[in-house]
Amino acid sequence: MDYIDNIAFAILLIIGIGFFAKNIKKLTRNIKLGKEIDRTDNSKARWKSMAMVAIGQSKMIKRPIAAILHIIVYAGFIIVNIEVIEIIIDGLFGTHRVLSFMGGFYYFLIGSFEVIAFLVLITVIVFWIRRMVIRIPRFWNKEMKGFPKNDALYILYFEMVLMSLFLIMNATDVQFQELSSGNLISQFLTPIFNGFTPESLHIIERSAWWVHIVGILVFLNYLYYSKHLHILLAFPNTFYANLNAKGKLNNLEAVTNEVKLMMDPNVDPFAAAPEGSENQVPERFGASDVTDLNWVQLLNAYTCTECGRCTSSCPANQTGKELSPRAIMMKTRDRLEEVGANIDENGKFIDDGKQLLNDYITPEELWACTSCNACVEECPVNIDPLSIIIDMRRYLVMEQSAAPQELNMMMTNIENNGAPWQYNQMDRLNWKDE
Amino acid sequence: MNVPTMAEMMAQGKQPEVLFWVGCAGSFDDRAKKITKAFVKILNKANVDFAVLGTEESCSGDPAKRAGNEFLFQMQAMSNIEILNAYEVKKIVTACPHCFNTLKNEYPELGGVYEVMHHTELLKSLIDEGRISIEGGKFNGKKITFHDPCYLGRSNDIYEAPRELIQQLDAELVEMKHCKSNGLCCGAGGAQMFKDAEKGTKEINVERTDQAIEVRPDIIATGCPFCNTMMTDGVKITNKEEEIEVLDIAELIADANNL
Chain A
1 MDYIDNIAFA
11 ILLIIGIGFF
21 AKNIKKLTRN
31 IKLGKEIDRT
41 DNSKARWKSM
51 AMVAIGQSKM
61 IKRPIAAILH
71 IIVYAGFIIV
81 NIEVIEIIID
91 GLFGTHRVLS
101 FMGGFYYFLI
111 GSFEVIAFLV
121 LITVIVFWIR
131 RMVIRIPRFW
141 NKEMKGFPKN
151 DALYILYFEM
161 VLMSLFLIMN
171 ATDVQFQELS
181 SGNLISQFLT
191 PIFNGFTPES
201 LHIIERSAWW
211 VHIVGILVFL
221 NYLYYSKHLH
231 ILLAFPNTFY
241 ANLNAKGKLN
251 NLEAVTNEVK
261 LMMDPNVDPF
271 AAAPEGSENQ
281 VPERFGASDV
291 TDLNWVQLLN
301 AYTCTECGRC
311 TSSCPANQTG
321 KELSPRAIMM
331 KTRDRLEEVG
341 ANIDENGKFI
351 DDGKQLLNDY
361 ITPEELWACT
371 SCNACVEECP
381 VNIDPLSIII
391 DMRRYLVMEQ
401 SAAPQELNMM
411 MTNIENNGAP
421 WQYNQMDRLN
431 WKDE
Chain B
1 MNVPTMAEMM
11 AQGKQPEVLF
21 WVGCAGSFDD
31 RAKKITKAFV
41 KILNKANVDF
51 AVLGTEESCS
61 GDPAKRAGNE
71 FLFQMQAMSN
81 IEILNAYEVK
91 KIVTACPHCF
101 NTLKNEYPEL
111 GGVYEVMHHT
121 ELLKSLIDEG
131 RISIEGGKFN
141 GKKITFHDPC
151 YLGRSNDIYE
161 APRELIQQLD
171 AELVEMKHCK
181 SNGLCCGAGG
191 AQMFKDAEKG
201 TKEINVERTD
211 QAIEVRPDII
221 ATGCPFCNTM
231 MTDGVKITNK
241 EEEIEVLDIA
251 ELIADANNL
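For the record, the sequence lines run as chains A and B.
At position 198 of the first sequence the residue is numbered 198 (the working numbering), and the sequence of numbers has no breaks.
At position 72 of the second sequence the residue is numbered 72 (the working numbering), and the sequence of numbers has no breaks.
Chain A extracted, bound-state conformation (with noise of 0.2 Å):
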């Protein structure tokens, strides 16, 4: 019977891996229910703007403060969870501490280890210090009540019980203790359990084992529902971003071609329509929904983190307009999980009455944007609100002509006379001798 504990462990893990392998291919499928699109070319600089954005954090530096806090814990997740080998290997053999053979090395590692879970504590603390008692503004807009807003926390919280049981585990490992070598800082936390036997002692330290790598295989399921996917996606994401100029706005191949016919003057106009073209359903100009984007604009929805600071830059949000370029990411992903759960329950998309236009996203958000471009050079991973937005304006124009009026009015002006002013496109060098 002493293997129970391991076929226990193997189980959890087996569990643990399985349902985040479940979890990993309904995030796939989902993230592909977006448009193609190709970002496969110049896979140098995609390298490159990897290595920089998300591995080196560059656009963190931006804000210095959260920069070096967030390094902290970036790094430390990184080399913390080395020590995750370790527990897996022990929990599934019945060793315990496997990798001592190393020696002195070995406890070095433990010994870097605990200082980094420490900094780690110390920061996550600090950050939910900044959110809830300092109440830095961008953590408190209103799309961040409910889940939202408890998502931060409940990571917070994990991320505080999941370092404070690896030093607690440590403290009370008796054998590890006596030979005072990589204990940096759960020497420290021995004092609290003095008096106690060496039975309770093995018991705590058994018990902080367990819940610490149950703790940690549930925050990976976590993940999925999570806000926190970010430290997954954002390395895909700055991976796929867009490499072009910011002010430069993909051109729309399906009007280029009817704008070329349109502008042939050998086309026949009568032509009939080629064989097989009636049953072709158009292509739709914009995005009303979420399946009308393509699917790096989903991956940036699940990417997002809801930092906000692409909402506390933005010029309409600032002024008190409605638009908030994080809330435009959230609401994508709000839907696109929608979309997904409906496909889930019925094998394939059942209409359901809704749509990202309207039911998500509001015109009135849409047309405050500026299209400066703020938000996308604030976030810290390259995600692209602004295509969205212009997106669903293109929706909003191109199949719905519901333009606010004073836009139609510019629009026909350009038309008419070539400038979005009413002026004779003949005056056009009048200044000259004005």
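Because the hints were derived from the structure by calculation, they are not lab data.
Note that the coordinates shown come from a computational prediction; the quantities given were computed from them, not determined experimentally.
Just to be clear, a hint being listed does not mean it is correct.
[What the hints assert, rightly or not] Each pair of labels, with its calculated beta carbon distance range:
{"no.": "1", "chain 1": "B", "residue 1": "ARG31", "chain 2": "A", "residue 2": "ILE61", "range": "18 to 28 Å"}
{"no.": "2", "chain 1": "A", "residue 1": "ASN424", "chain 2": "B", "residue 2": "GLU175", "range": "37 to 47 Å"}
{"no.": "3", "chain 1": "A", "residue 1": "GLU345", "chain 2": "B", "residue 2": "GLU175", "range": "48 to 58 Å"}
{"no.": "4", "chain 1": "A", "residue 1": "ILE61", "chain 2": "B", "residue 2": "LYS143", "range": "26 to 36 Å"}
{"no.": "5", "chain 1": "B", "residue 1": "ARG31", "chain 2": "A", "residue 2": "LYS348", "range": "49 to 59 Å"}
{"no.": "6", "chain 1": "B", "residue 1": "GLU115", "chain 2": "A", "residue 2": "ILE88", "range": "54 to 64 Å"}
{"no.": "7", "chain 1": "B", "residue 1": "LYS236", "chain 2": "A", "residue 2": "PHE20", "range": "58 to 68 Å"}
{"no.": "8", "chain 1": "A", "residue 1": "PRO269", "chain 2": "B", "residue 2": "ASP255", "range": "38 to 48 Å"}
{"no.": "9", "chain 1": "A", "residue 1": "VAL218", "chain 2": "B", "residue 2": "GLU115", "range": "55 to 65 Å"}
{"no.": "10", "chain 1": "A", "residue 1": "TRP421", "chain 2": "B", "residue 2": "ASN2", "range": "21 to 31 Å"}
{"no.": "11", "chain 1": "A", "residue 1": "LYS62", "chain 2": "B", "residue 2": "LYS143", "range": "25 to 35 Å"}
{"no.": "12", "chain 1": "A", "residue 1": "ASP334", "chain 2": "B", "residue 2": "GLU8", "range": "52 to 62 Å"}
{"no.": "13", "chain 1": "A", "residue 1": "ASN424", "chain 2": "B", "residue 2": "ASN2", "range": "20 to 30 Å"}
{"no.": "14", "chain 1": "B", "residue 1": "GLU175", "chain 2": "A", "residue 2": "GLY320", "range": "21 to 31 Å"}
We treat Cβ as the ideally placed atom computed from N, Cα and C, and that holds for glycine.
Knowing the structure of chain A, use the given hints to seat chain B on it.
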């Protein structure tokens, strides 16, 4: 003022070095026309071989594209490209960052490939080449702050050319808290120029003007006719007209040269 058109040039069998794309604001807006003229005066003084399209120029399509009307944009773009290519234009300069961005980034895919410069870039190269000089005296001791047009700055990463020009004026360049890639929009981009703002607590141009006023400038300089309008209005609304002037970089340079 000597303003040849491409048609006149062609009739004489000549091909100018650069086309000056005036833009709708530069052609029709009373305030922006002054910028156009200031720029032309500099071009004349530096003996730049240029021409304009004149009545053959039409809206670049930028506001239509940003408003979501890709059809109208592409129709404008394609007919402009037809004309530009017919004149075999290679190099374009414009004083409007919106035209600049569209011509530079959005025309190539539709068949219009040109070297496109913002007028501050051309002005800088004219000074570097010694074709014009700046007598600093006039702006000595003046505090000038530069408002970055979004379509020049964030959109195309041009931050230094206008600043180097200001520094050549011997003026004191003071930066707003939010400048360069952190600059706040004037509120006109994305076709907002042509409509009222959505319901909010403040106008964007007033917010930006307040940020400029904080650094107590004598002059707010910019490089965009729309930013110019927005900042001029902002200065009026905040009752600072007496103290602060809003001027384009081209106007500053022309003024320094008594043009």
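Against the structure, the hints:
1. ARG31(B) <-> ILE61(A): 18 to 28 Å: Given about 39 Å between the Cβ atoms, the range is violated.
2. ASN424(A) <-> GLU175(B): 37 to 47 Å: holds, 42 Å
3. GLU345(A) <-> GLU175(B): 48 to 58 Å: holds, 56 Å
4. ILE61(A) <-> LYS143(B): 26 to 36 Å: holds, 29 Å
5. ARG31(B) <-> LYS348(A): 49 to 59 Å: Since the Cβ atoms of ARG31(B) and LYS348(A) sit about 57 Å apart, the hinted range of 49 to 59 Å holds.
6. GLU115(B) <-> ILE88(A): 54 to 64 Å: holds, 59 Å
7. LYS236(B) <-> PHE20(A): 58 to 68 Å: holds, 59 Å
8. PRO269(A) <-> ASP255(B): 38 to 48 Å: Violated, since PRO269(A) and ASP255(B) (Cβ atoms, about 55 Å apart) do not stay within the stated range.
9. VAL218(A) <-> GLU115(B): 55 to 65 Å: holds, 58 Å
10. TRP421(A) <-> ASN2(B): 21 to 31 Å: holds, 27 Å
11. LYS62(A) <-> LYS143(B): 25 to 35 Å: For LYS143(B) against LYS62(A), whose Cβ atoms are near 26 Å apart, the range 25 to 35 Å holds.
12. ASP334(A) <-> GLU8(B): 52 to 62 Å: Holds - the Cβ-Cβ distance for ASP334(A) and GLU8(B), about 59 Å, lies within 52 to 62 Å.
13. ASN424(A) <-> ASN2(B): 20 to 30 Å: Given range 20 to 30 Å: holds, Cβ gap about 24 Å.
14. GLU175(B) <-> GLY320(A): 21 to 31 Å: For GLU175(B) and GLY320(A) the Cβ distance comes to about 26 Å; the hint holds.
Of the hints listed earlier, those the structure fails to meet are numbers 1, 8, in rising order.
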